[in-house]
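Visitor: As they're listed, the protein sequences go chains L and C. Converting from the first sequence to my numbering requires adding 94 to each position, the first position being numbered 1. Converting from the second sequence to my numbering requires adding 94 to each position, the first position being numbered 1.
It should be emphasised that the hints constitute simulated quantities derived from the structure, not laboratory data. Treat the hints with caution; some may be incorrect.
One copy or two, it doesn't matter: identical chains are merged, so the pair holds either way.
[To be verified] When the alpha-carbon atoms are kept at most 30 Å apart in a straight line, the in silico DSS-like pairs for lysine-lysine are as follows:
1) 339 <-> 208
2) 339 <-> 368
3) 151 <-> 282
4) 185 <-> 299
Number of protein chains: 2
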Amino acid sequence: MLTGYHVAVIGGDARQIEIIRKLNEWNATVYTAGFDQLNESFTEATDLEFDSNQVEKLDAIILPIPGTDDSGLIDGIFSNRVIQLSEEWLKKTPEHCQVFTGIANSYLKELMVKVGRPLHLLMNRDDVAIYNSIPTVEGTIMLIIQHTDYTIHGSTMIILGLGRVGMSLARIFDHIGADVSVGVRSSKAAARVHEMGLKTIDMNKLDQENMECDILINTVPHLVVDHHVIKQLPSHALIVDLASKPGGTDFDFAEKRGIKALLAPGLPGIVAPKTAGRIIADVMCRIVKEKVRKENADE
Amino acid sequence: MLTGYHVAVIGGDARQIEIIRKLNEWNATVYTAGFDQLNESFTEATDLEFDSNQVEKLDAIILPIPGTDDSGLIDGIFSNRVIQLSEEWLKKTPEHCQVFTGIANSYLKELMVKVGRPLHLLMNRDDVAIYNSIPTVEGTIMLIIQHTDYTIHGSTMIILGLGRVGMSLARIFDHIGADVSVGVRSSKAAARVHEMGLKTIDMNKLDQENMECDILINTVPHLVVDHHVIKQLPSHALIVDLASKPGGTDFDFAEKRGIKALLAPGLPGIVAPKTAGRIIADVMCRIVKEKVRKENADE
C-alpha cells in the first residue's frame with residue numbers, strides 16, 4: 095500500500111489512466127493535471143494546482159512516456175492546456191521527490207540535474223522493454239496481416255536483432271508458422287537462435303548474406319536495411335521497422351523499388367494502451383514501494 | 095502437368111487469379127469469363143465464348159467459391175457482366191466435365207443433378223477447411239488486436255468447438271500466451287484438449303459452466319452464445335463469431351449488454367486472398383490430376 099504517499103500525474107495518454115487507477119488501488123493521494131477533457135472522472139484524484147502548497151507534499155511526479163518537449167512543455171491527449179515543467183516549481187518539491195518518465199531529451203535531463211531530483215527513465219529498463227515487447231509483437235502481427243495478401247504461416251521472415259523485442263518476435267512468429275531467420279552480431283546471440291531451432295544471419299557481414307524473404311522486421315536502431323538488403327527483396331515483400339525514429343531502413347530506396355516499408359515505433363500505446371499502462375504502472379509502483387519499504391526499514 | 099486439359103474459370107474474386115496462375119503453370123488450356131475489368135491480363139488464357147464450340151472441349155468448369163445465386167447467376171468482382179449458368183449450356187459439355195465450387199445452394203445442386211455432371215464442393219472437404227483455418231486464425235488475431243485495448247497475451251479466452259478451425263485457434267492462441275479454455279461436446283475432444291494442456295468446458299451443460307472471459311471465439315454454427323453466456327461476460331469482453339451466417343451468437347442481446355460482438359465468416363478471402371487462392375488451386379488441381387492419372391491408367 096502507498097497510504098500517505100503523494101503523487102502528481104501530469105499529462106499523458108490512455109496509459110496514464112491505468113497508472114492513476116493503480117495508484118488509487120494502492121491508496122496513494124493522487125493529484126492530476128492535463129485530464130480535464132477526459133470523459134470519465136477520477137473521484138479519488140484531486141486537481142493539481144501549481145500555485146498551491148500541494149507541491150511541498152509530493153513524493154513523486156509522473157510525466158508522460160515521451161517526457162517533455164525541448165522547451166519543457168508537457169503534452170496530454172486529454173487536455174488543450176499547455177503545461178510547463180519549470181525549474182522554479184520543481185525546486186519547491188521535497189528533496190526526495192522522484193520524477194518518472196518514459197524517455198527524456200537533453201532539456202529534461204539537464205533540468206533534473208539542475209533541480210537535483212532523481213529521474214527514472216522507465217523505457218530504459220530491461221523489465222519494461224521486455225514486458226512492452228508483448229504488445230509490440232501483437233501490433234507487428236496486426237500490421238503484417240493488414241499489409242500482405244498472404245499468411246504469416248509459411249512465409250519466410252528475417253528478424254534483425256535478438257534484443258529484448260527481437261527475442262519475443264522470433265519466438266512468436268516461429269509459433270505462428272513463419273520460417274524465421276534471425277540476424278545477430280554476437281556468438282552468444284547466434285547460440286541462442288540455434289537453441290530456439292531457428293536460422294542465423296550474420297549481421298557482421300550482412301552484404302554477404304542472402305536476404306531474400308517475404309517479411310523483414312528490423313529492431314536495430316541504425317541503418318541496416320540498406321540498398322544491398324532491399325535489392326534482394328521480392329516485390330511482394332513487407333518491411334516493418336520497429337526501431338525508434340528514424341528507424342534502420344532506407345525508406346526512400348524501398349519506395350523507389352516499390353517495396354512497402356512501415357516505420358512502427360510505439361506500438362504498445364497504440365494497440366494495447368490498457369496493457370501498456372499496466373506495465374508502466376506495475377513497474378513504477380514497484381520502484382516506489384521498494385523505496386518506501388527501504389525508508390521504513392532505515393527508520 | 096495438365097497438357098491438353100481444358101478448363102473454364104467463370105467469375106469469382108482474387109482467389110481465382112491464383113487458380114488461373116496455377117493452371118497456366120501446369121500447362122492447362124484456360125478459358126476465362128468475368129475478368130474483363132482485371133488490370134493485369136492473362137496472356138495464356140482465352141476469353142470464354144458461351145456460343146462457340148469451346149464448351150464441347152471442357153474437362154472442368156470452375157465457379158466462384160460462393161457458387162451461384164438462387165437463379166443461377168454467377169458473380170465476379172472483376173466484371174459488371176451478368177453471367178447465367180444455364181442447363182442448356184452445361185448439357186453441351188462432355189459428360190466427364192467436372193464442376194468445382196466452394197459451396198452450393200439448392201439451385202446449383204439441383205441443376206447439376208439435372209445435367210448429370212459431377213459437382214465438387216471444395217469447402218466441404220476436410221483438407222480445404224484445415225488449410226483455410228490458417229488464414230482464418232490470422233484474421234481472428236487481427237480482429238482481436240484491432241478491437242481490444244489489451245493484449246491477447248495474458249487474456250482469458252474461451253473457444254467454442256474443437257473442429258477443423260477450433261483446433262488451429264486453440265493451438266495458436268495458446269502459443270501467443272492467452273489463457274485458453276475450449277468448449278467441447280465429446281469425450282474424444284475433451285481428451286485432445288487435455289493433451290494440448292488446455293482447459294475444457296463441457297458444452298453439453300453450458301448453462302452450468304463459468305463462461306467469464308476476456309475473449310470468446312465461437313466456431314459452432316448454431317445458437318450457443320446465448321443470454322446465459324453473454325450475461326457472464328465483463329463489459330470489456332469481445333465476442334468473435336466465425337461460424338457461417340447467421341453465426342451462433344445472440345447479437346441483439348450482446349448489443350443490449352454493451353458487449354462488442356463481431357460476425358466474421360470468410361476471413362481467408364479477406365485477409366489473405368493469395369494464400370486462400372493457392373489453397374483452393376492446390377486442392378482442385380490435385381483432384382483433377384488424380385482423375386487424369388486414373389484415366390491414363392485405365393486406357
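Visitor: Now tell me, hint by hint, if it's right for this structure.
Guide: Right, here's what the structure says about each hint:
1. In the homo-oligomer, the alpha carbons of residue 339 and residue 208 lie at most 30 Å apart inside one protomer (28 Å), although the nearest pairing across protomers, at 65 Å, exceeds that limit.
2. For the homomeric pair residue 339 and residue 368, the shortest alpha-carbon distance inside one copy (23 Å) is at most 30 Å, but the shortest distance between copies (32 Å) is not.
3. For the homomeric pair residue 151 and residue 282, neither the shortest alpha-carbon distance inside one copy (48 Å) nor that between copies (63 Å) is at most 30 Å.
4. In this assembly of identical chains, residue 185 and residue 299 lie within 30 Å of each other by CA distance neither inside one copy nor across copies; the values are 51 Å within and 65 Å between.
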